[in-house]
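Given the sequences, and given the hints that come with them, work out the whole structure.
Residue numbers (the numbering used here), protein chains in the order written: chain S, 121 to 843; chain H, 121 to 843.
Hints listed in this document are in silico derivations from the structure and should not be mistaken for laboratory results.
This structure is a prediction, so every number in the text was calculated from the model and none was measured.
Incorrect hints may have been included.
Copies of the same chain look alike in the list, so a pair counts if it works inside one copy or between any two.
[Said to hold, decoys possible] Simulated crosslink set (SDA-like; lysine to any residue; CA at most 25 Å straight-line): (1) K509 x G568; (2) K533 x R315; (3) K479 x G238; (4) K771 x V745; (5) K547 x N440; (6) K479 x G243; (7) K819 x V745; (8) K771 x N812; (9) K669 x D717; (10) K669 x P781; (11) K771 x E461; (12) K161 x E532; (13) K606 x A372; (14) K539 x L503; (15) K771 x V721; (16) K161 x F484; (17) K669 x G779; (18) K603 x A369.
Number of protein chains: 2
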Amino acid sequence: MKVQSQRMPLESQDTVGESALKALLAPRSIAILGASSDFRKISGRPLKHLLDKGYAGRIYPVNPRAESIGGLRAYPSVGAIEGEVDLAIIVLPASEVLGAVRELGAKNVPAAIIFSSGFSEMGDAGRQHEREVIEAARAGGVRICGPNCLGLINAFDKVIATFSQYADAETPSGPVGFVTQSGAFGTAIAALARRRGLGLGYFVNTGNEADLNFSEIMREVICDPRVKVGAGYIEGLKNGNDFTALAEAAMAAAKPLVVTKVGRLGAGARAAASHTGSLAGDDVVFDGIARQYGVIRARNEEHMLDIVEVLSCCKLPEGNGIGLLTQSGGAGVLMADRAQEVGLSVPILQPETQKALHKVIPGFGAVGNPVDVTGQFVADPNLLLESVKLMLADPNIDVGIIWFQLMEGHVEKLVQVLKEIRDQVTKPFVVCWVAAPEAGVRALRDLGIAVLRGAEPAVDAVAALVHYAQARRTWLERSGQRKDIKIPRIDIQSGGVLSTMDGVQLLDRNGVPHTATVLAKSADEAANAARTIGYPVAVKIESPDILHKTEAGGVMLRLNNDDDVRSAFDTIMDRARRHDPAARLEGVIVQGMAGGDTEFVIGLQNDPVFGPVIMAGLGGVLIEVLRDVAFRKVPLCEGEAGDMLDDLHGKAVLGGVRGRPAVDRKALTQMICAVSRLGAALGPRLSTLDLNPIMLGPKTATAVDWLMMLNANDGSVPGHHTS
Amino acid sequence: MKVQSQRMPLESQDTVGESALKALLAPRSIAILGASSDFRKISGRPLKHLLDKGYAGRIYPVNPRAESIGGLRAYPSVGAIEGEVDLAIIVLPASEVLGAVRELGAKNVPAAIIFSSGFSEMGDAGRQHEREVIEAARAGGVRICGPNCLGLINAFDKVIATFSQYADAETPSGPVGFVTQSGAFGTAIAALARRRGLGLGYFVNTGNEADLNFSEIMREVICDPRVKVGAGYIEGLKNGNDFTALAEAAMAAAKPLVVTKVGRLGAGARAAASHTGSLAGDDVVFDGIARQYGVIRARNEEHMLDIVEVLSCCKLPEGNGIGLLTQSGGAGVLMADRAQEVGLSVPILQPETQKALHKVIPGFGAVGNPVDVTGQFVADPNLLLESVKLMLADPNIDVGIIWFQLMEGHVEKLVQVLKEIRDQVTKPFVVCWVAAPEAGVRALRDLGIAVLRGAEPAVDAVAALVHYAQARRTWLERSGQRKDIKIPRIDIQSGGVLSTMDGVQLLDRNGVPHTATVLAKSADEAANAARTIGYPVAVKIESPDILHKTEAGGVMLRLNNDDDVRSAFDTIMDRARRHDPAARLEGVIVQGMAGGDTEFVIGLQNDPVFGPVIMAGLGGVLIEVLRDVAFRKVPLCEGEAGDMLDDLHGKAVLGGVRGRPAVDRKALTQMICAVSRLGAALGPRLSTLDLNPIMLGPKTATAVDWLMMLNANDGSVPGHHTS
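Structure follows, in structure tokens:
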């Protein structure tokens, strides 16, 4: 277990110079260090693209071995440039980068992109070299994108500061800001976006992220008013706070953020770690935090682009009721299946809607939802128009999918009808056109209508739209609650494992309900404690040297009277002495037996990327076999605690199963919140806290056992197996 | 609960005339009833296509209002045709179909396709009409495809007996036989296949399946030696036996069968039932049986075509080790994630392989697996050739994926290298080419190399290949075992709920271990029984009128001596009398307490589509909350029983969790097999059998409670809440 403060990377500073990021992404002038007149080379391509695509700012090729490059005057050094330079592109051998960065500092260049490889991706020597470069950049006030990156495009302002293959063809601007940690894969995604007619306002590859990271750059990208949606490809985050700050900024600006993050499982995470040289982080934690902050997670590149397309075309639906309209019963069934699977509702249309649809749809069609207009709409396009209008007018429908296929020879007619639909309806809808003629797809996209390529992808993209709309509504509703969370102050000096009674104090002060717990140093004290608590009780050994009490024979349960408790004291102390003669024995803990039949677990951990995070899950096989848990960043408001419960696959258990009553959900969410505040209060002091089990009853939530470990005040991590 | 024999549809007969199916799918002559010379019309299109695409057989347009159609002599009636007719296409109004079918019978036409709609898809009147048509067809010996279908294409023999849009363009033949229950969706899928360059040898839409069903037609399709893979789109099966017979035939012929079946969940199943007018059947049952018979299930149309493409290009891999080779670390991570998720292994390459790869791959690449050859391979194609050969030569690798992107301008070079790879390696591999130039994809497909469009789809398709190869190996290994299964004879006359002791007899005779169970009619008998069984015991009321014993206060557990048992007898009998004074009380059941801590459930049901099926699942929340169960068709061999356990998400419980020992897996699989044989023996007599719970210990599997219900000998279903 490592401490967050140790992991906090060099390059993450609280304030990223806004002007430096502006200079990086929208420079008024660009110097190219190592520029070449061979436009096929990496060192030639940025200049070629800047010239070809009409960049309006000043361009300064820097190359001591040339007088002019590409028709522009070449400079022997950065220092020789007469004007101001906003951005430098460094296309030099790794060995020359350090000197170049120092020159940039001297010239007061605020931002640089380092294409060069040969840094931390190359092992220890490269890592050391990279560190030196970044130190020089810091010293000179130069912010760095890269090294080992493809650079970036700001298509709005024709800033083509990249050697990516993507730039070799047209790079149309559009409402999507795309930032990628992978160069090659990012290029492929950008090319796929272009094929769809989806304009990327920005394309940025962050490379090694030795200085500026994914989150910092994406945050600046989405601040551009011309960007409506942020799309990101992530292999591993180094700084969780930057990411949550990005997510909050995106939410505040109502700009959805769609990310594909790889390294979800063992083999992938192994590959991600070896590929990026960075810690991939625990994907389950990332997943929970993405949900918490309304970040949309896409499985892969096509899923990402489907979602981005729908988000850039559609306004947000007001609920999760989806209306499916097809010319094929089969496609309707497939979409209804999928809709249900991804949390959408496929409401049966109201009787009035069905009656009205009956009047326009042939008898062998269907009017319930899915609506099957049959192939008849080809002969009678008005049928399509009327049906879609009726379906979307149904009060239970919030968003629609219109499915059809092929239709070579009917493209114009269909596009015209869809244009009319677009003009006449207020609720959002998308088109799923399978095996579509290319002309049809282009025409619809020109009309601002999202076109998906298959039934399931269409449903998945609409689900993302619906879930984002929900997340944003919730975010707005909860903003007050989140602000009102009070973080307590914690004043514990020591580190290491807390004694049971120190744990009790911490729980008490933070409002975490637990079973009555008393330390007894003698058999009589134990019996007195048991009487005060009320029978039955449990008796457990208390020793800083015995963490696994059951293994030491140090636990006796369901004791019903004074005599049994007295003799339990003696037995347990005796067993403990034999188990570990050197162990310091503090006495025994006497505890009441908690009510409730349902086991629950709450934990706190200090995530290396995100800092203190809270985990919740149902006890038993659900957590131990199925790993059915939810994570969030602390602290939480009550609504967020409730979301954690809803994340659990086994959540039905909380509603009462196998003859048990429902548990007290409010008591449980309050407990989760209390623990989350404790986690926030501990901050870097947190090592781990496990409340396991917590017993849930119809009116109670009670922690029965706990293990807490703190880092020492100086941030060091105590060994936790002292015995 | 319905009985299978009641559900057995009219049209399912054991012997489908092979010659009739041959006449349907490869006719030597075709009559078109209702043929029109307007080739834009449904009634004109088949003739147009037959003529245009060069059908070599005789064509007889039948239309009393024309002398000639499309340059061919038209006949006033079928009877007027001088030669033999193999296949009739009926394009008449619904009202004229019955007469036409009678004429076909008189003319001894063996097969007909009915395009016409207006039958069972139109409600009760249509259903009645359809029944009359089928009766006439039976009487005349005519087998029917449809009605309400798009017809079919046999592209090998240019039989274009359809009005589907798909036929409007080229219909190249190829190794894929595609049969679809949906016309519109099937047409879209066929068009998508064509776009991929995937030739469909057959395209068949089965429509209402009033006579010939999906399985019967697909079985004939895969018998064609020119077909290598069967692809199906299913909305609902009417006859489970035909489907399993198809699956067995496909397995025997080593022709993989890939199906997309919709109606997986509530909303989808609702839509499927309303769309097809058929019972969608329980999808969980279908899913289990598909696994059992090695049928590959595809989620959607693109997934289906991805799998079909890989199956038609690749030979079967010998294991599940996948080698991933990319020019992008990110894509490698994404694929490694997905591979693990779908049950593939991503083995780290052997040290010798890594060493050899190091010699050809640049230093910033990766050699572990995923292998990252970096963009360098563009300059040095040999790098790609050598790396792929080395990776595939690794003994832990069974199949490879080669990933790259874009490469406009390098297509020829890449295609050439991939051709060399194809010629030089023996293990199967596929290419994933993201945002590929169209020319590259076509060139590779012409070389017989499967090309996928994205990283996840590539892994998913390879996973299907691997799993099919495993399924086929297993099928061959088990063929002896399956033949050796002995089905016992069951001789029980009565139907309804069986008494506990009749249940004991059935379990005993079929080798299903259960806890010691004795019926006692007096307190003394109960005490004697308890002494014989051994304490502790449970005592339960026995009455044909009390099925919910606990609710009636009729269960007492953990009784430890004779006195307690005697008094339990009195108490329970007394409570039962008060609970239901009219109930017939047989006495009490005395049972030993079974060993083992892990609860399991085995059930038998009579599925309306598949007949007797067996269900297995772990007790507790896993079955009650997460519905974590597996289904198979009975009877089972032991390997198949083991597969059921491996299907369970919570299977780790069987290996021992929370301090419990592993259960006796062999005893459990033997028990599942014994119950499966019992299910097979009961056949249509089976209503339900629940063994719940079964207690599993380290050396035992013991049924503790059971409820059995049989259908009466005459097939009628007894009411089972008689009290």
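Going down the list of hints, with the structure as the test:
Taking the shortest alpha-carbon separations for K509 and G568, only the intra-copy value of 18 Å comes in at or below 25 Å, while the best inter-copy value is 47 Å. With identical chains, the CA atoms of K533 and R315 are at most 25 Å apart both within one copy (24 Å) and between copies (23 Å). Taking the shortest Cα distances, K479 and G238 sit within 25 Å of each other only across copies (18 Å), while inside one copy they are farther apart (70 Å). Taking the shortest Cα distances, K771 and V745 sit within 25 Å of each other both inside one copy (16 Å) and across copies (8 Å).
Taking the shortest Cα distances, K547 and N440 sit within 25 Å of each other inside one copy (12 Å), while across copies they are farther apart (47 Å). In this assembly of identical chains, K479 and G243 lie within 25 Å of each other by CA distance solely across copies; the values are 17 Å between and 71 Å within a copy. Within a single copy, K819 and V745 get their C-alpha atoms only as close as 28 Å, which misses the 25 Å cut-off; across copies the closest is 22 Å, which meets it. In the homo-oligomer, the alpha carbons of K771 and N812 lie at most 25 Å apart both inside one protomer (18 Å) and across protomers (24 Å), since each shortest distance falls under that limit.
With identical chains, the CA atoms of K669 and D717 are at most 25 Å apart both within one copy (23 Å) and between copies (23 Å). In this assembly of identical chains, K669 and P781 lie within 25 Å of each other by CA distance solely across copies; the values are 21 Å between and 32 Å within a copy. Within a single copy, K771 and E461 get their C-alpha atoms as close as 16 Å, and across copies as close as 23 Å, so both meet the 25 Å cut-off. Proximity of K161 and E532 under a CA criterion of 25 Å is satisfied inter-copy only: 21 Å between copies versus 44 Å inside one chain copy.
Taking CA atoms no more than 25 Å apart as the test, K606 paired with A372 passes inside one copy only; the shortest distance there is 22 Å, against 69 Å between copies. Taking the shortest Cα distances, K539 and L503 sit within 25 Å of each other inside one copy (14 Å), while across copies they are farther apart (51 Å). Within a single copy, K771 and V721 get their C-alpha atoms as close as 13 Å, and across copies as close as 22 Å, so both meet the 25 Å cut-off. Proximity of K161 and F484 under a CA criterion of 25 Å is satisfied inter-copy only: 20 Å between copies versus 63 Å inside one chain copy.
Within a single copy, K669 and G779 get their C-alpha atoms only as close as 32 Å, which misses the 25 Å cut-off; across copies the closest is 15 Å, which meets it. For a Cα distance limit of 25 Å, the shortest separation of K603 from A369 inside one copy, 16 Å, qualifies, whereas the shortest one across copies, 66 Å, does not.
Against the hints set out earlier in the document, no violation occurs for any number.
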